[in-house]
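Asks: So the chains spell out like this:
There are 2 protein chains.
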Amino acid sequence: MIFEDYAIFTPGPVKMSEEILQIGAKQTPYFRNSEFSDVAFSCENNLLEMVNAPEGSKVIFLTASGTAGMESAVMNLLTENDNALVVNGGGFGQRFVDICATHKIPHTNFKVKDTNLTEIENLAPDENHTALVVNAHETSVGHLYNLDAMGEYAAKNKMLYIVDAISMLVTDPLDMQQSKIDVVIASSQKGLALPPGLTMVILTPKAIEKLQDINSLYFNFKDYLKNGERGQTPYTPAVTIMLQLEARLNQIKKRGGIEQSIANAKEVADYFRESIKALPLKEYTPYMPNAMTTLTPTDGKSAMEIVNALEADYKVMVCPNGGAERELVFRVSHMGEMTKTYTDIVINALHDYYGVTRA
Amino acid sequence: MIFEDYAIFTPGPVKMSEEILQIGAKQTPYFRNSEFSDVAFSCENNLLEMVNAPEGSKVIFLTASGTAGMESAVMNLLTENDNALVVNGGGFGQRFVDICATHKIPHTNFKVKDTNLTEIENLAPDENHTALVVNAHETSVGHLYNLDAMGEYAAKNKMLYIVDAISMLVTDPLDMQQSKIDVVIASSQKGLALPPGLTMVILTPKAIEKLQDINSLYFNFKDYLKNGERGQTPYTPAVTIMLQLEARLNQIKKRGGIEQSIANAKEVADYFRESIKALPLKEYTPYMPNAMTTLTPTDGKSAMEIVNALEADYKVMVCPNGGAERELVFRVSHMGEMTKTYTDIVINALHDYYGVTRA
Numbered sequence: 013m014i015f016e017d018y019a020i021f022t023p024g025p026v027k028m029s030e031e032i033l034q035i036g037a038k039q040t041p042y043f044r045n046s047e048f049s050d051v052a053f054s055c056e057n058n059l060l061e062m063v064n065a066p067e068g069s070k071v072i073f074l075t076a077s078g079t080a081g082m083e084s085a086v087m088n089l090l091t092e093n094d095n096a097l098v099v100n101g102g103g104f105g106q107r108f109v110d111i112c113a114t115h116k117i118p119h120t121n122f123k124v125k126d127t128n129l130t131e132i133e134n135l136a137p138d139e140n141h142t143a144l145v146v147n148a149h150e151t152s153v154g155h156l157y158n159l160d161a162m163g164e165y166a167a168k169n170k171m172l173y174i175v176d177a178i179s180m181l182v183t184d185p186l187d188m189q190q191s192k193i194d195v196v197i198a199s200s201q202k203g204l205a206l207p208p209g210l211t212m213v214i215l216t217p218k219a220i221e222k223l224q225d226i227n228s229l230y231f232n233f234k235d236y237l238k239n240g241e242r243g244q245t246p247y248t249p250a251v252t253i254m255l256q257l258e259a260r261l262n263q264i265k266k267r268g269g270i271e272q273s274i275a276n277a278k279e280v281a282d283y284f285r286e287s288i289k290a291l292p293l294k295e296y297t298p299y300m301p302n303a304m305t306t307l308t309p310t311d312g313k314s315a316m317e318i319v320n321a322l323e324a325d326y327k328v329m330v331c332p333n334g335g336a337e338r339e340l341v342f343r344v345s346h347m348g349e350m351t352k353t354y355t356d357i358v359i360n361a362l363h364d365y366y367g368v369t370r371a
Numbered sequence: 013m014i015f016e017d018y019a020i021f022t023p024g025p026v027k028m029s030e031e032i033l034q035i036g037a038k039q040t041p042y043f044r045n046s047e048f049s050d051v052a053f054s055c056e057n058n059l060l061e062m063v064n065a066p067e068g069s070k071v072i073f074l075t076a077s078g079t080a081g082m083e084s085a086v087m088n089l090l091t092e093n094d095n096a097l098v099v100n101g102g103g104f105g106q107r108f109v110d111i112c113a114t115h116k117i118p119h120t121n122f123k124v125k126d127t128n129l130t131e132i133e134n135l136a137p138d139e140n141h142t143a144l145v146v147n148a149h150e151t152s153v154g155h156l157y158n159l160d161a162m163g164e165y166a167a168k169n170k171m172l173y174i175v176d177a178i179s180m181l182v183t184d185p186l187d188m189q190q191s192k193i194d195v196v197i198a199s200s201q202k203g204l205a206l207p208p209g210l211t212m213v214i215l216t217p218k219a220i221e222k223l224q225d226i227n228s229l230y231f232n233f234k235d236y237l238k239n240g241e242r243g244q245t246p247y248t249p250a251v252t253i254m255l256q257l258e259a260r261l262n263q264i265k266k267r268g269g270i271e272q273s274i275a276n277a278k279e280v281a282d283y284f285r286e287s288i289k290a291l292p293l294k295e296y297t298p299y300m301p302n303a304m305t306t307l308t309p310t311d312g313k314s315a316m317e318i319v320n321a322l323e324a325d326y327k328v329m330v331c332p333n334g335g336a337e338r339e340l341v342f343r344v345s346h347m348g349e350m351t352k353t354y355t356d357i358v359i360n361a362l363h364d365y366y367g368v369t370r371a
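Respectively, the protein sequence lines represent chains F and A.
With positions in the first sequence counted from 1, the corresponding number in my numbering is that position plus 12.
With positions in the second sequence counted from 1, the corresponding number in my numbering is that position plus 12.
For the record, the hints were derived by calculation from the structure and aren't laboratory data.
Treat the hints with care, as some may be off.
If several chains are the same, the list does not tell them apart, and a pair holds so long as it fits within one copy or across any two.
As the list claims (entries may be wrong) - Taking lysine-lysine and the DSSO-like style, the derived pairs with C-alpha atoms no more than 30 Å apart in a straight line are:
hint : residue 1 : residue 2
1    : K27       : K38
2    : K70       : K294
3    : K265      : K70
4    : K266      : K27
5    : K218      : K38
6    : K38       : K278
Throw the hints in and build the complete structure from the sequences for me.
Replies: What follows is the structure, encoded as structure tokens:
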């Protein structure tokens with residue numbers, strides 16, 4: 013087994029709890045029965061409650077990773093008659109742009125930098141858009157947008173508001189009713205701290221109303237909704253991960269609810285950021301989520317060299333950036349089963365690496 | 013946890029080995045590194061060896077269930093200029109027909125019954141087909157087709173030969189070179205005895221040559237091949253299941269190779285079929301695989317009633333059929349971690365249910 017004894021601070025997969033891991037060692041049960049339907053209903057109800065979805069909302073459970081959630085949402089909800097405003101602040105924004113281009117959805121590539129879009133009204137191109145598509149947390153750079161401001165803007169302009177919440181759910185606040193969100197995309201291996209392989213698309217009644225008949229079996233949301241009425245999926249679900257999701261959502265409740273999970277993540281993120289202030293590392297953006305801290309070396313060191321040293325010399329996994337920013341930025345996740353004590357591992361490793369005594 | 017103490021004889025999920033289950037309880041490691049690439053390469057090489065794929069073949073690892081493997085194979089390999097001969101002997105053959113229809117691939121719905129297609133030459137409609145698409149084992153009825161005969165026919169007529177081997181791999185023989193197969197679709201939760209959520213598409217050089225540029229990110233095989241060169245996938249893989257796959261393929265080798273696994277499955281299937289001869293149950297088809305036994309009550313009893321009684325009174329899970337055959341047929345799987353001793357559980361339960369003393 014690779015990396016079993018490493019401390020993990022990557023933004024997916026993230027550190028999982030012992031309770032969830034133990035379910036992974038159970039025999040996968042048969043699922044075409046009412047017992048498994050109850051699991052699916054429990055997952056659906058608790059998810060909808062967690063994001064404060066409006067009455068009548070539904071969850072699509074896809075056996076797939078997050079990109080399939082993003083792509084299938086676009087496929088099922090937008091057509092050639094739409095014009096999507098796609099917020100592009102990095103790699104995942106670009107992915108939504110690519111998805112729209114691939115499926116021939118008219119769209120504006122709305123490139124943004126150094127803003128959390130509180131001022132979207134002034135910044136967005138003045139064009140007739142029918143949808144607003146955004147990654148709530150642009151994970152490639154660790155940048156969180158203002159969901160409320162974008163929701164106001166989308167509502168005012170009668171746009172369908174599609175939010176990829178994959179890398180901020182559970183660690184950062186998301187309230188579908190308050191932010192007037194029509195569609196939320198979530199995934200198992202980020203804040204939900206489950207193995208990768210399950211993606212969820214949460215649809216409000218307004219979004220359900222807009223569903224298209226599409227040329228796809230595997231991504232056909234109407235089929236999923238129909239099967240979902242009896243707590244089933246059209247094709248074999250990620251049974252084990254759904255059992256883990258059921259337990260995880262109950263765990264979040266038992267620990268004081270989603271507010272408490274968010275507060276924990278914030279406490280850990282603040283602690284980490286405060287604890288490394290003496291090091292030659294700068295926060296990459298002022299709009300950082302609780303989910304993750306993005307750091308840039310201020311002493312000219314290569315970010316990739318730091319990532320490699322943490323892995324090789326301290327058995328600590330943090331995450332490099334891809335492409336041009338590989339040498340400039342690295343990321344430390346606070347998602348999953350995080351505590352201050354566990355976070356001390358990476359804090360101490362960074363201090364030791366720099367030869368700085370921790371204050 | 014549901015059904016933990018039940019004996020499981022369903023054709024997916026199937027009984028898993030303790031070694032594989034334990035990997036499910038390990039922290040999911042970070043995967044964008046050479047250590048995980050080695051896992052992917054190991055899986056690819058061992059899979060290709062297991063099916064005797066021709067030199068230069070590649071494996072696409074999709075985070076998805078089997079239908080996505082079937083659909084993406086059609087999407088990437090067939091176009092409106094093709095004419096596919098789709099063998100339809102039940103629910104999964106019909107699914108291939110639906111996939112072709114959805115993606116506007118010209119096709120013939122080749123309905124078959126009471127034949128394993130050894131005589132395909134005489135049975136197939138005399139039309140110019142460019143591809144032969146078949147489920148090696150039509151799981152809905154437990155019917156195994158003659159892969160060699162179909163391969164001869166496809167080769168003679170210069171057809172691309174696409175085989176869904178999902179529910180017969182590991183329990184029944186499949187040799188890509190001998191049967192002249194161009195594409196094999198496999199899935200994690202059948203004979204491979206892993207949790208559901210990973211689907212593999214094995215492409216020969218001839219199939220790779222035929223790959224199209226398609227309007228999809230998640231199912232774009234060319235992207236998977238490109239990332240596969242360095243042992244990676246374009247989107248988050250089912251990391252845990254791939255670690256389990258690596259272990260499982262090594263387990264098959266250590267146990268004497270694929271031939272031994274097939275021999276074991278045959279021994280268990282034969283034992284089961286022999287042991288229930290005194291009961292009013294008839295084998296549904298003469299072309300049964302080692303993977304599964306399909307049974308029809310001969311005393312007018314409802315198949316569904318038997319399924320329900322086994323579950324409720326004996327904690328034994330077998331599988332009902334869907335649709336019209338719900339009352340006529342039920343299925344007993346021999347896939348996964350099966351032994352004669354374990355199979356005695358269902359044999360004894362059936363005898364007790366009928367009030368017949370086992371011979």
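Asks: Hints broken by the structure, by number, lowest first?
Replies: Going through the list in order, the structure violates hints 2, 5 and respects the others.
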